[in-house]
Amino acid sequence: MAAEEEEDRQVLTKSDSSFFVEGIVRHLRRTVRSGKTKPEAWRRQQLQGLLRLLVEREEDISRALAQDLRKSAYETYIFEISLAVEECKLALKKLRSWMAPQKVAGTVATFPSSGAIVPEPLGVALVISTWNFPFVLAVNPMIGAIAAGCAVVLKPSEIAPATSALLAKLIPLYLDTSAIQVVEGGVPEITTLLQQNWDKIFYTGNSKVGRIIMAAASKHLTPVTLELGGKCPVYIDSTANLKVALRRIAVGKWGNNNGQACIAPDYILAEDSIAPRVVDVLKETIVEFFGKDPKTSKDLSRIVNQFHFKRLMDLLNDSRTLGKIVHGGEQDAANLYIAPTVLYDVPLNVPIMTEEIFGPLLPIIKVKGAAEAIAFITERSKPLAFYVFTTDKTIAQLMVSEVSAGGIVVNDTCLQFVVPGLPFGGVGESGTGAYHGKFSFDTFSNHKAVLYRQEVGDVYARYPPHTKHKQKIIKSLLTGDFLGATLLLLGWRQ
Amino acid sequence: MATDVPLVDAAQLLGELRRTFSSGRTKSEKWRSQQLRALLKMVTEQEKEICKALTLDLGKSEYETYACELAMVLDSCKLAIKRLKKWMSPEKRPIAVATIPSTAIVHPEPLGVALVVSAWNFPILLALDPLVGAVAAGCAVVIKPSEIAPATSAFLAKFIPMYMDKEAIRVVEGGVQQITALLDQKWDKIFFTGNAKVGRIMMAAAAKHLTPVTLELGGKCPIYIDSTVDVKVAAKRIIVGKWTCSDGQACLSPNHLLVEECFVPKLISTLKTTMVEFYGEDPRTSKDLAHIVNKNHFKRLTALLDDPATAEKIIHGGERDEKSLYIAPTLLLDVPLDAPIMNEEIFGPLLPIITVKGPDEAIDIISKEPKPLAIYVFTDNKAVQEKMVSETSSGGMVINDAVVHFLCPHLPFGGVGESGIGAYHGKASFDAFSHQKSILYRGFTVEVYARYPPYTTHKLKVIRALLGRDFLGLLLALLGFRRQE
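Going down the list, the protein sequences come from chains Z and V. For the record, in the first sequence the residue sitting at position 319 is 319 according to full-length UniProt numbering, with numbers rising by one throughout. For the record, in the second sequence the residue sitting at position 154 is 154 according to full-length UniProt numbering, with numbers rising by one throughout.
It is worth saying that the hints were derived from the structure and are not from the lab. Keep in mind that the hints are not guaranteed to be accurate.
Now the stretches of chain V that chain Z is said to cover, found in silico as 3 or more residues with beta-carbon under 8 Å [to be verified]:
hint: 1; stretch: 39-53
hint: 2; stretch: 210-219
hint: 3; stretch: 426-438
In this text the structure is predicted, and so the values were computed from the model without any measurement. We put the beta carbon where it would ideally sit given N, CA and C, even for glycine.
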């Protein structure tokens, strides 16, 4: 039966994706309306199912990621599996407290009363994930959606086809298909999906498509969370421990899907007194990490496809950029390999400095100091992340208060992503909304404000005809002048 | 007239405000506090002018102006002044095992330059309440008041520059052309109050620049009422919830009543007598009723009433006078659910009453409609209260009253689905105009070598143990012992 259904599904996908998609949304809406996804027991069951999937299928997941991106088992474990496992466990642990209504005080004007903020599921959510961390960026938003009691359609990226196929295969085996579905495909499928009326859209990707998603969402007034990208700058000053700093920068860059990560350091602004030393230490670190011929290192993933390979080569081969390569630059198109490449002092208006690199190329620019770095960064679009390396507390504080970004890490890279207590998201061009930990639950919830009143506590001054006397009473009450209100009510004051 | 005002150069305006914002002036606690105090001063000193404008625009009584608009603005200002420091201060957050040692902090910062587009029905409140949030958050702001309330628009355009920092806070009057020009620009935040149709236009415009939005929209706010309540108290609260708030022209106005069958006759007779008590035999003489805002809306509402299937269901009121833009507080009983009056948000002084068998039928009717801004439930039965809370979805709810949750600064005020995106009031106002920036502080001293390539099996073991909080395994791995696989 399952095989026939699978065949049906494939036929439908190819011949009439809109019919197929509409059917899925209708089905999920019916499920939500039935109330099935609301009880804690259902959500817990789904999260436990997801956890089992992550634990039991680790090998399958690693294999798919190796196929799609040549990710090492290490990277796969750290970034794709353990992060999802942590989020799942946290959601299971905290589910009850997240779901509980939050009691709030009433107000003088409504005395006596009590309030509660009651979280409820938004409804049917669409999660569109991307190709660079194709597993965790699909699963983590889903954890939030399920914890919040939503039904979910997941649209994995077709640019990571092995992972997409694996998700499409595994999710129905571990999760409730009446509420959680995977729709594979490319642009036609996404277009059809975006025509539907969703209660929430969660998108991870680039800002060009982010605009398309938000525009589509506006037709139905669908709230969106957009996890986008941008150029994540790094600032290093002369007080930083260069050895440690550059290790952390190098692993944040090349240990993160080989630079193809929204939070990978994009470029370095180095205080000019130490800039040459930064270059030297960086070169040493690259050799330490990946050997003299990084192509033989098993720890570097590959460029995802020919399109991106060409894009990156175009950035490198720009005439104003070529002469600035100080390390690396080797490539092998057949293997989608580009060496970890460092550039020094490229002009600021070349493509490698104006577009998000999203690859293994790391330009270093000299700046006079913190002020110039701040001016440089704030002239440009707000990034998803900003990394500051300094031991000067004043400079660190200056950077934190003057630079707007999704998140900032002082003296490290990328780790803000693994702290569930920190909301992870962008601002401006780098995105809207946030998730991780409770923020994931919140982003798929409606926080309904409920005020409880009783029949007592009726101030006659509230009702027409509104005489001047009544007005005085109301004014006194609303401004907290209880003595005045009492005197007025007693008739001792006119 | 607001629409006669010459078009402002939107790009230039935004450029000026961006320069002010970039200078950092609006970020200081001192500036924000100063502006909030100035706003407070303006509303206090100019109360008479405000009342005059609202009488001109909507025929609002002094009472209504104070109780429904000014009191809230004053409260919001005072709360923001009191809590500003606390709201601005960074908040420490728990770290993860993987990042020990570190400190995690969430640091709120202003989004930047905000556009506040307000509506005509509470033209002072809906312009100034969001302004409180924007200013508290440290943003520069452009307010575009509704041209459909021209006297209030003119008031704001005249007095705000007199009290507040002209280089950071501006009022732009005008109509569709002006708003279109403004929407072409890149704002850091758009805060819109109005209807869902224009809400979509706002969000689509915002999408071009990835501008985050708060949309305070409307919807058909239903009341469910059963026979367990004190009919007099309920009737009084329903009546003022409907007609004392801008004569039913409020996003939170009870749109229609769903009444338990056995309660219908009693409720109707109490409503009628109480309405006479409140507004007199001829409500046209009452000073406590605002008028319909303009001819367009007057025609819209009378058309709803004149629909044949509807007209015969009028059980109280129905009189109208176009010259004074007056429509009597009107009750209707059991109009067909597909009549025009039940198809759109009424936004006026007409209140249809629908007989239902009980809460299940009410929930059924409510769930067929888009999610409203509010649902009001009058019942003393706790089980029914909880049933309504858990089986319906809306922006907000009030049990045993209507509209008043709006006054509570601890309750975030906003819609869901067709009734809106985002929320405000109290701290939620500050948050609506802020970005909560995540900061992780690390030091250089502790290095975990297992983190760096080349990735050996040993390193993977260490990391797995660390992340899995398997500290024994971690110890063994670090010491070089092999564990049984």
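Verification of the hints:
no. : hint    : in the structure
1   : 39-53   : violated (count 0)
2   : 210-219 : holds (count 4)
3   : 426-438 : holds (count 4)
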